[in-house]
Amino acid sequence: MKQHPALLDISSYIDKELPSYRWREVKLHLEVCDTCRKEATSLRRLGEAVAEVPTLEIPVDFRKQVLRRVTPYHSYRKPALAASIVFASLTLLTGGTLVGWGLSTERGGGNDLGTILTSSIETILSLLRSTILVARIGWSVCSSLVESLACIVTHQGAAIPAVLVLTAVVLAYFLGRSLQGYHRNRIA
Amino acid sequence: MVEQRVAGDSDQKLVTRILKGEKDAFEMIMERYQRPIINFTYRMTHDREIALDLAQEVFIKAYNSLNSYNSGYKLSTWLYKIASNHVIDYLRKKEPRWVSIDTSAEEDGRPMDLPAIQENQVDSLVFSEKLEKIQTAIKRLPLSYRRLITLRHVNECSYEEIAAICSLPLGTVKNRIFRAREMLRAELDGIL
Ligand SMILES: [Zn+2]
Chain V
1 MKQHPALLDI SSYIDKELPS YRWREVKLHL EVCDTCRKEA TSLRRLGEAV
51 AEVPTLEIPV DFRKQVLRRV TPYHSYRKPA LAASIVFASL TLLTGGTLVG
101 WGLSTERGGG NDLGTILTSS IETILSLLRS TILVARIGWS VCSSLVESLA
151 CIVTHQGAAI PAVLVLTAVV LAYFLGRSLQ GYHRNRIA
Chain R
1 MVEQRVAGDS DQKLVTRILK GEKDAFEMIM ERYQRPIINF TYRMTHDREI
51 ALDLAQEVFI KAYNSLNSYN SGYKLSTWLY KIASNHVIDY LRKKEPRWVS
101 IDTSAEEDGR PMDLPAIQEN QVDSLVFSEK LEKIQTAIKR LPLSYRRLIT
151 LRHVNECSYE EIAAICSLPL GTVKNRIFRA REMLRAELDG IL
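Here the protein sequences line up with chains V and R, keeping their order. So for the first sequence, the numbering used here puts the first residue at 1; every next one is plus one. So for the second sequence, the numbering used here puts the first residue at 1; every next one is plus one.
Derived by calculation from the structure, the hints in this document are not laboratory data. Hints may contain errors.
[Claimed, not checked] Below, computed lysine-lysine pairings styled on DSBU-like, alpha-carbon distance capped at 35 Å:
| id | chain 1 | residue 1 | chain 2 | residue 2 |
| --- | --- | --- | --- | --- |
| 1 | V | 16 | R | 61 |
| 2 | R | 93 | R | 139 |
| 3 | V | 27 | R | 139 |
[As the list claims (entries may be wrong)] Short, incomplete list of chain V residues facing chain R, as computed with Cβ under 8 Å:
| id | residue |
| --- | --- |
| 4 | 8 |
| 5 | 11 |
| 6 | 47 |
| 7 | 52 |
| 8 | 55 |
| 9 | 66 |
| 10 | 73 |
[Unchecked claim] The following label-pair restraints were derived from C-beta to C-beta distances:
| id | chain 1 | residue 1 | chain 2 | residue 2 | range |
| --- | --- | --- | --- | --- | --- |
| 11 | V | 85 | R | 48 | 45 to 53 Å |
| 12 | R | 12 | V | 177 | 48 to 56 Å |
| 13 | R | 74 | V | 83 | 35 to 43 Å |
| 14 | R | 129 | V | 74 | 53 to 61 Å |
| 15 | V | 74 | R | 85 | 25 to 33 Å |
| 16 | V | 58 | R | 23 | 18 to 26 Å |
| 17 | V | 74 | R | 132 | 46 to 54 Å |
| 18 | R | 85 | V | 69 | 18 to 26 Å |
| 19 | V | 51 | R | 23 | 31 to 39 Å |
| 20 | V | 3 | R | 8 | 46 to 54 Å |
| 21 | V | 112 | R | 20 | 43 to 51 Å |
| 22 | R | 158 | V | 27 | 17 to 25 Å |
Owing to the predicted nature of the structure, the values given are computational and were not obtained by experimental measurement. For each residue, glycine too, the CB sits at the ideal point set by N, CA and C.
One chain only, chain R, in its complex shape (with noise of 0.2 Å):
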């Protein structure tokens, strides 16, 4: 019965119960944004244990600025802010060559001269030649446009939704998001 009630509340009405004191209804906002901000994590960082890692880092953070959320944004976007910047922090640290947001040579609109990805970066799943190209090619491309195509493609984002998300100009982000378009499609010239 309590289940039911807590499966049908808002996101809203959840996060009141949540400030209130129940940790628990945390657990409702988890299962219903954990396999798009996996998704995203996972897409981001190529591997199985850093994303969830990542995920639960996400949730967490999330969580503990609750208080600080502003109801006028849809909960998805602040989830999904949260997880990008997280995510970015994440790859800035591990791997700052790849990560210069705004350079020149992003604008120029080419995929950064990247290294062969190593057989222990690949995740142990097995995917069909096809899958494991495509997703080399998004590994490629430089990580502002990869985080836009992947907000865009696999979760699904309008572009409204990805401008705050990026905190960035809807113009850019239309964009990036062709810029993207072009390199993947150079990068997967005769596979598509």
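The following block holds chain V by itself, in its conformation from the complex (with noise of 0.2 Å):
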């Protein structure tokens, strides 16, 4: 290359930014060239100088004060859906027995709480069997129903208390109902 490369190319050779052909063509210029070899040297002194501004100390502290104003991702899903779920099933297991044992001493049945506490885990267990079914078939309807649900309750995470909340209320009425029946039939 006999011309001289533009001053852009070589500010583009320095930074290794020009397409191989094109920095091969540049470098065996500077090989013959002094004045652009002299104007490359200027370029790379002077960004080595640019880098060379002193840098600055790092507080020890700099990361744990990010960190301090900064709050976990959906942190509070896991312990509201863990805190909804033991929540719904103590509410069922303890209504389920208080409600078919109450109802066993009032018609005398006389069945000790152990009787009635495994029927009610027989019976919740039957009972979810049949939730689920009944789910499956109804997820459509339920859907709309959830979500409208979802959109009153504005926090994302409030909603999920609230229909397992809902859904533990629906289950222990219809575990008393089932329990009622059960005694009635053992008694008869």
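Take each chain as given, in its own frame, and dock them per the hints.
The structure is reproduced here in structure tokens:
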């Protein structure tokens, strides 16, 4: 290459930002041209000088300070969901057992608490199975209801416990009814 | 043991863990990128306290928008983009006369007509005369040029990365870096 490369190309050359064929052309030119070589050297020195400006010492608590000012992603979801499940299960178990026990005593059935508890668990399991079946069929209808609930409760996390508590109340009611029938049959 | 696992995780893996609620995984991301980000904010503002404050705000912004991070980009590019926009916003409010990114005055390639740097504007660190002159020359660059030259020489970004960070065409990046160098050379004539 006999002609001097454009200064813009020399600038890109020192940054290794030219297409490889062009980069080689400029390189070969610099080997034979004092003027352009000086230009490249001057630009390189300039780059080194800019990079040389002293760096700041980072405070030891820099990262801790940032972490103190941010909140975890989705942290509210897991505990809320776990608490809802535990709450719903306890409501079901306690409610069902008490209702069943109360009915049994009232009717003079004389069943002990252990028997009632076992039958409660059995009933819960069978109820859960049928609930799942019903839920599958009625999902398309229910999902719109759940969506509406979620809209009303603007905080997304709060919709989960709300729906679960509602489910627990409905299930407890059916559990009581079912235990009533169970004991009625036993007494009969 | 946990620390070792964290240290070995890729940026993408760390992002996933943070989004699952592991806030502390962000500390590793900061450990990786605090130096280049602080270097950038410091070279752009030339003020220790402001640079550290801006860098913290950059990381907070990044954390809060991690769920919109596109893993198609390098995390460093994404962080520089946030840092670059944040610093420019800050300087635009603080020094409006310096910041007219695409004005014809800048395209002329002439350094802006700035007053001499006041004593209290110079960081308390003691610089050698040469370093101070370089610092002054960088500070006198139009903001859009200062940003590009900083990303190129301090953060060692490629033209392509700079183009992505500043949302500029590659040709513009190439031209502006060249012009910035010409301005700096004119300012630093006889020093280098
Ligand atoms: Zn030549």
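The hints, checked one at a time:
With a C-alpha separation of about 33 Å, the suggested pair residue 16 of chain V and residue 61 of chain R falls inside the 35 Å cut-off, and the hint holds. This hinted pair checks out: residue 93 of chain R and residue 139 of chain R have alpha carbons roughly 16 Å apart, not beyond 35 Å. The straight-line distance between the Cα atoms of residue 27 of chain V and residue 139 of chain R is roughly 32 Å, inside the 35 Å bound, and the hint therefore holds. At a threshold of 8 Å, the smallest CB-CB gap from residue 8 of chain V to chain R is about 5 Å, leaving the interface hint in force.
Evaluation of the residue 11 of chain V hint against chain R yields a held restraint, the C-beta minimum of about 4 Å falling below 8 Å. Because the closest C-beta pair between residue 47 of chain V and chain R is about 5 Å apart, less than 8 Å, the hint holds. Contact between residue 52 of chain V and chain R, as hinted, is supported at the beta carbon level, the nearest pair being about 7 Å apart and thus within 8 Å. Interface hint status for residue 55 of chain V: upheld, as the beta-carbon distance to the closest one in chain R is roughly 6 Å, under 8 Å.
Residue-level restraint check for residue 66 of chain V holds (minimum Cβ-Cβ distance to chain R is 5 Å; threshold 8 Å). Hint on residue 73 of chain V holds. Least Cβ distance to chain R is approximately 5 Å, under the 8 Å limit. Between residue 85 of chain V and residue 48 of chain R, the C-beta spacing of about 51 Å keeps the proposed range 45 to 53 Å intact. For the pair residue 12 of chain R and residue 177 of chain V, the supplied restraint of 48 to 56 Å holds, since their beta-carbon distance comes to about 53 Å.
Range check, residue 74 of chain R to residue 83 of chain V: Cβ separation about 40 Å, and the 35 to 43 Å hint holds. At roughly 54 Å, the beta-carbon separation of residue 129 of chain R and residue 74 of chain V lies within the given 53 to 61 Å, and the hint holds. With their beta carbons about 27 Å apart, residue 74 of chain V and residue 85 of chain R fall inside the hinted range of 25 to 33 Å. For residue 58 of chain V paired with residue 23 of chain R, a C-beta distance near 20 Å keeps the hint of 18 to 26 Å intact.
Evaluation of the 46 to 54 Å hint for residue 74 of chain V and residue 132 of chain R yields a pass: the beta carbon distance comes to about 49 Å. The hint said 18 to 26 Å for the Cβ distance between residue 85 of chain R and residue 69 of chain V, and at roughly 19 Å that hint holds. For residue 51 of chain V and residue 23 of chain R, the hinted distance range of 31 to 39 Å is satisfied, since their beta carbons lie about 34 Å from each other. The hint said 46 to 54 Å for the Cβ distance between residue 3 of chain V and residue 8 of chain R, and at roughly 52 Å that hint holds.
Our hint of 43 to 51 Å for residue 112 of chain V and residue 20 of chain R holds, since their Cβ atoms are close to 47 Å apart. Range check, residue 158 of chain R to residue 27 of chain V: about 19 Å between beta-carbon atoms, so the 17 to 25 Å window is met.
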